[in-house]
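*Asks:* Quick mapping for you: the protein sequence lines, in order, are chains A and B.
Each residue of the first sequence is one higher than the one before, starting from 1 at the first, in the working numbering.
Each residue of the second sequence is one higher than the one before, starting from 161 at the first, in the working numbering.
Each hint should be verified, as a subset may be incorrect.
[Said to hold, decoys possible] One side only, chain A facing chain B, incomplete, derived with CB under 8 Å:
(1) A61
(2) D65
(3) E70
(4) I74
(5) Q75
(6) G78
(7) G80
(8) A142
(9) L145
(10) I148
(11) L150
Worth flagging that the hints you see were computed from the coordinates, not collected in a lab.
Since the model is a prediction, treat every value here as computed from it, not as a measurement.
Idealized CB from N, CA, C, for every residue including glycine.
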Amino acid sequence: MEKEDLSEIMRQHPFLAGLSFEHMQTLIGCATNVRFADNATIIQEGQIANKFYLIRSGRIALQMDVPGKESLRIQTVGPGEILGWSWLISPYRWHFSAIAVLDTRAIALDGECLRNKCEKECSFGYEMLRRLSQVMERRLEATRLQLIDLYDLTTSGAKR
Amino acid sequence: MMRKSQALEANALDPMTTHPVMIRKIIWENDDTFTLTLDMSGFAGGFRFLPGQFNMVYVYGVGEAAVSISSDPARPGTLDHTIHRVGLVTTSLAQKKRGDMIGIRGPFGSSWSIDVARGKDICIASGGIGLAPLRPVIYSLLKKREDFGRIIVLYGGRSPLDLLYRVELEKWASDANVEVLVTVDRGDSSWKGHIGVVTSLFQYIKLDARETVAYVCGPEIMMKYTIDELDRRGVPQSQTYLSMERNMKCAVGFCGHCQFGPTFICKEGPVYPLPRVRHLLDRKEL
Ligand SMILES: Cc1cc2nc3c(=O)[nH]c(=O)nc-3n(C[C@H](O)[C@H](O)[C@H](O)COP(=O)(O)OP(=O)(O)OC[C@H]3O[C@@H](n4cnc5c(N)ncnc54)[C@H](O)[C@@H]3O)c2cc1C
Ligand code: FES
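Please put together the full structure from these sequences, using the hints given.
*Replies:* Below is the structure:
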């Protein structure tokens, strides 16, 4: 795919909304267009985290591998969302597996390439961190709600 | 909102009299939840009710529980109640068989305001058994599909097995131009849908907030976070409605069992416009 096409696709992704032209150019150097068939394993828990995905279409399930049991799917991410930030945080290993549950298209960003650019260019690094931390905050909140168990009927008023 | 007395008058029923009805069908929706279809042919012209209303369902010799009506108001010959077994009455109901008799009195309570939604988009957000009181409103909207803009149904459950009305959800999405988004907290490899709390579904629907009317029903904690999300997206509180639950005894405003702040849910509720109850939702014990 041409760089211009990639740049256009990336510009439309909500994670990159409003990113400056210079920062977009920096990012494009680390980007490739990828496609995963339904059921494809994208990330394997424990392996080195060297990618970061901007999802364009489809759906990906995050899964915890539980010894002796069927893996537990705890979250899905879809169009407009991102997958993976372990490339940024030492020791750069995935803490979960990710499986495509529908045919999925994404932009893959090379983690090491991104890390190097973040280190070299502070304003770019800050911009990436700022955006990622917003996503992390939203995911943390969603995880908290999952822990509360929103559908627990004992929290309905009828028992009072 | 039509007041309960109007629906009671439509059936010409005494609110304190329990009427015997026969169970025509029982469908188990999941391990703990079942839908009873009741034969209402004994009522002249069938049993009239409004979407969002509830009945007091009586198991002879055991007791009564408030249960929302989950069937189509346009088919008054039968009545559906979707029931989660939790205690004495609901467990006794779970043991009933086709042909058994139970008692009902009602219908009680306020209804979802459909008229205010005419020409607007509608966002129906529900969690767990909260889809049951909303099903009649979906049936009613679909009868006049062209009167409304987008109809969006967001539904969350603990696991795929806990979800209600799965076949109908798919049918609404495929046949009736309804945007149906379903999510579960945990799934296995056979589940291809969303995983995450119901509030996470909002990111996939672009709401024209000012032109949206929202109906919310589920456990209170789920409604609280859903309302926060609707707020964040700019849906006016005056266009948001929710259904509250409290233990009921008389269902006619005498006993005070269902008190919720300054209101009695059996009289003013269960369906409220959000501004009426918003300030009560954050209180710890009410
Ligand atoms: C307006 C309204 C509409 C309702 N609609 C429905 C409906 O459509 N379907 C339905 O299944 N229920 C519905 N309910 C809730 C139902 O009325 C109560 O769950 C009722 O208490 C059940 O009676 P029971 O005798 O089986 O349980 P109870 O004997 O009253 O309770 C036994 C035990 O279960 C606990 N308990 C009671 N209710 C719940 C609950 N909801 N979740 C978890 N634990 C509980 C109590 O704390 C107690 O420990 C509605 C309630 C209201 C007020
Ligand atoms: S149930 Fe008696 S006042 Fe509402």
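*Asks:* None of the hints should be skipped; say for each whether it holds.
*Replies:* Hints and how they fare:
1. A61: The hint holds - A/A61 has a Cβ within 8 Å of chain B, the shortest such distance being about 6 Å.
2. D65: A/D65 check fails; min Cβ-Cβ to chain B is 12 Å, beyond 8 Å.
3. E70: Constraint on A/E70 satisfied, holds at 6 Å.
4. I74: 6 Å, holds
5. Q75: 5 Å, holds
6. G78: 6 Å, holds
7. G80: Hint holds; A/G80 Cβ to chain B Cβ min 7 Å, cut 8 Å.
8. A142: 5 Å, holds
9. L145: Status holds, d = 4 Å.
10. I148: Holds - the Cβ of A/I148 comes within 8 Å of chain B, reaching about 6 Å at its closest.
11. L150: 4 Å, holds
Hint check: a violation occurs at hint 2 only; the rest are consistent with the structure.
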